[in-house]
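Read in the numbering used here, the sequence shown has 98 at position 98, and its numbers run on one by one without any break.
Since the hints were made in silico from the structure, they are not lab data. It is possible that some hints are incorrect.
Stated by the list, open to error - Derived lysine to any residue pairs resembling SDA-like cross-links, with alpha carbons at most 25 Å apart:
1) Lys74 x Asp58
2) Lys74 x Trp44
3) Lys74 x Asp18
4) Lys74 x Val61
5) Lys74 x Trp11
6) Lys74 x His9
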Amino acid sequence: MARLHPDLHTWRPTRAGDYTERAVLQQLRDGLPDGFDVFHSVNWSTVDSGTQHFGEIDAVVVEPQGHLVLLEIKAGHLQENAWFCRIGQRPQGRMLPGCQLIV
Numbered sequence: 001m002a003r004l005h006p007d008l009h010t011w012r013p014t015r016a017g018d019y020t021e022r023a024v025l026q027q028l029r030d031g032l033p034d035g036f037d038v039f040h041s042v043n044w045s046t047v048d049s050g051t052q053h054f055g056e057i058d059a060v061v062v063e064p065q066g067h068l069v070l071l072e073i074k075a076g077h078l079q080e081n082a083w084f085c086r087i088g089q090r091p092q093g094r095m096l097p098g099c100q101l102i103v
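Turn these sequences into a full structure, and let the hints guide you.
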């Protein structure tokens with residue numbers, strides 16, 4: 001069983017998508033072997049051309065040798081291709097896959 005940081009007992013879902021995120025985190029915790037760590041709701045910041053940008057990564061999975069997997073967890077129907085993303089009925093505009101993490 002993987003270790004979750006922080007433990008889910010300290011996190012209270014407040015939005016509909018939070019419940020899906022919690023379910024995925026529980027599956028990661030219960031499904032990954034010992035030695036794996038899962039960090040959730042990880043804030044990040046970077047500076048690009050003098051402008052500071054902030055964001056959040058839903059989950060960071062760290063395996064025992066230190067390799068990372070960054071996860072963006074979505075609830076509902078997701079339709080995505082190289083130029084367009086739609087989450088439910090809301091178009092998210094022109095974007096490349098993974099652009100949420102690229103600044």
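Violations among the numbered hints, reported as their numbers in ascending order: Nothing - there is no hint that the structure violates, so all of them hold.
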